[in-house]
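Chain G is fixed; fit chain D onto it per the hints.
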Amino acid sequence: MSIRGKAFIAGAYEHPRREIPDRTNSEIHAEVAAGALADAGLSFSDVDAYFCDGSTGFGPMSMAEYMGLKCKHVDSTETGGSSYVFHVGHAAEAIAAGKCQVALITLAGRPRSAAMGGRGGGGGDPTGDMVFEGLWGMAGAVTGYAIAASRHMYEFGTTSEQLAEVKVAASLHAQHNPNAFLRKPMTVEEVLDSPMISWPLRRDDCCVVTDGGGALVVVSPEVARDLERTTVKILGHGEHVKHADNGRIDLTYTGAVVSGPIAFEEAGVSQADIDYVSIYDSFTITVVETLEDLGFCEKGQGGRFVLDGTLVAPHGRLPFNTDGGGLCNNHPSNRGGMTKVIEAVRQLRGETQPEVQVPDCAIALAHGTGGSIGTRMGSSTVILGREDA
Amino acid sequence: MSTDLPTPAPRVTTENQEFWAATGEGKLLLRRCEDCGNPIWYPRSFCPDCGTFNTSWSEASGRGTVYAFTVVHRSMVPGYREATPYVVAYVELEEGPRIMTNVVGCGPDAVHVGMPVKVVFHDTGAGNALYRFEPAGSE
Numbered sequence: 059m060s061i062r063g064k065a066f067i068a069g070a071y072e073h074p075r076r077e078i079p080d081r082t083n084s085e086i087h088a089e090v091a092a093g094a095l096a097d098a099g100l101s102f103s104d105v106d107a108y109f110c111d112g113s114t115g116f117g118p119m120s121m122a123e124y125m126g127l128k129c130k131h132v133d134s135t136e137t138g139g140s141s142y143v144f145h146v147g148h149a150a151e152a153i154a155a156g157k158c159q160v161a162l163i164t165l166a167g168r169p170r171s172a173a174m175g176g177r178g179g180g181g182g183d184p185t186g187d188m189v190f191e192g193l194w195g196m197a198g199a200v201t202g203y204a205i206a207a208s209r210h211m212y213e214f215g216t217t218s219e220q221l222a223e224v225k226v227a228a229s230l231h232a233q234h235n236p237n238a239f240l241r242k243p244m245t246v247e248e249v250l251d252s253p254m255i256s257w258p259l260r261r262d263d264c265c266v267v268t269d270g271g272g273a274l275v276v277v278s279p280e281v282a283r284d285l286e287r288t289t290v291k292i293l294g295h296g297e298h299v300k301h302a303d304n305g306r307i308d309l310t311y312t313g314a315v316v317s318g319p320i321a322f323e324e325a326g327v328s329q330a331d332i333d334y335v336s337i338y339d340s341f342t343i344t345v346v347e348t349l350e351d352l353g354f355c356e357k358g359q360g361g362r363f364v365l366d367g368t369l370v371a372p373h374g375r376l377p378f379n380t381d382g383g384g385l386c387n388n389h390p391s392n393r394g395g396m397t398k399v400i401e402a403v404r405q406l407r408g409e410t411q412p413e414v415q416v417p418d419c420a421i422a423l424a425h426g427t428g429g430s431i432g433t434r435m436g437s438s439t440v441i442l443g444r445e446d447a
Numbered sequence: 401m402s403t404d405l406p407t408p409a410p411r412v413t414t415e416n417q418e419f420w421a422a423t424g425e426g427k428l429l430l431r432r433c434e435d436c437g438n439p440i441w442y443p444r445s446f447c448p449d450c451g452t453f454n455t456s457w458s459e460a461s462g463r464g465t466v467y468a469f470t471v472v473h474r475s476m477v478p479g480y481r482e483a484t485p486y487v488v489a490y491v492e493l494e495e496g497p498r499i500m501t502n503v504v505g506c507g508p509d510a511v512h513v514g515m516p517v518k519v520v521f522h523d524t525g526a527g528n529a530l531y532r533f534e535p536a537g538s539e
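So the sequences go chain by chain: G and D.
In this text, residue positions in the first sequence follow my numbering: the first is 59, and each later residue adds one.
In this text, residue positions in the second sequence follow my numbering: the first is 401, and each later residue adds one.
Next comes chain G alone, as it looks inside the complex (with noise of 0.2 angstroms):
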């Protein structure tokens, strides 16, 4: 069974702050998934699949308890930021076998203005990878894409020029956004010259900390038929976890080998077709060695592919990230897959900032990463269409 065309996306809303001291995070998923109902001209009513992480209370329970949700249907796959890409593909599953009509996805979190909230449940024995990887001075998750990136560089020949143009061109996009956390355009030179936080990645390579959130409603064709919003059709959707497999752990590729192929066999479309993508960044490596895993270059040459304003929107080949990406504008709860298929949403409905609005966008791919590509990490691609695609 395919999910292609079996469910649109009918709401998309992004919180519109990046610093919330005075909101919960309970209040964020409610705030952002009234935002997302009210795009797709829809109530919490109307809801009957629900869907979200496990870092708020007991995920999807205190969740659907909060807002008031009746559900038949609930997802709470945690694989850290790509967790809404894989809940989109999850959703688009429910919805095709007949089990809901209407999901809701929603993401919340303040690790700007606030300490990230603990797991529901929980306790226990440590597993062994956070044993075995907490004795060493891992200093957050930029150390992991550090290493990786070492490896990368030494394989391939990457440079710290070729990283710096990817958050370059997230900075040009990133201008237009009135919302964005940055918003100044930046040079190579300037992100190369900003402080080293763990070699190779500097400061700029890495993604912007923020508050906020966002939510998603996917929903049935028979209800997409109904609404007077433009929808956005799912298409395809690949997911993948790769891990250290035996201490055999190879650091130049990432899950999106995987979850990229079954995405785009399942949406019946190759590279080539592809108008617009979202490419998870939450370092400037992590959108590298993801081009090159999707097939957008060959592997080992994403750092020359990145050159020559490729990703730079309206013009260049392969223009991602147009809201600014994790890079420049906003890394929700530390987890930037929402925001990434908030953007691609955008782009398909015409509605991003008219500067990076790419012309005649039909066909686009939001990726997301979680965990780390230094070691284990969640990765799921969805492809999405106009609603006529």
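Worth flagging that the hints you see were computed from the coordinates, not collected in a lab.
Predicted, not measured: the structure shown is a model, and the values here were computed from it.
Quick reminder that beta carbons are idealized off the backbone N, C-alpha and C, glycines included.
One should not assume that every hint holds.
To be verified - Among chain G residues calculated to face chain D with C-beta under 8 angstroms, some are:
hint : residue
1    : 172
2    : 187
3    : 198
4    : 205
5    : 208
6    : 209
7    : 288
8    : 304
9    : 307
Frame of chain G, contents of chain D only:
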């Protein structure tokens, strides 16, 4: 063995207690599968390659090469915050597994991919030691 890096004690479980006890005696153990013969990393009683619990401990040579690394300049990790810059790396053991660790005993600028290294042990004061790696000499 002295070190500038902190020596946090590992979280010992029933599954890894022999591994950690051996580090206190200056030994780096590898779990190995009795069925497929593969080494297992991270240490666990289950072989992820063939799905058996028929596994046992053996001693590793303690030699390897740097597979990939970073030099951490900013760190919030207690104890490590004051120790920057320091190196976090994957070292590829002679036996095959690529294991996360620190490279010590030389300046961060001297570390490079492919550098031969050998294990050293840093006492945690909890009856075990952290396995770190230092340069093994000229290539």
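Compare the structure with the hints numbered earlier in the document and write down the numbers of the violated ones, lowest to highest. Of the numbered hints, 1, 7 do not hold.
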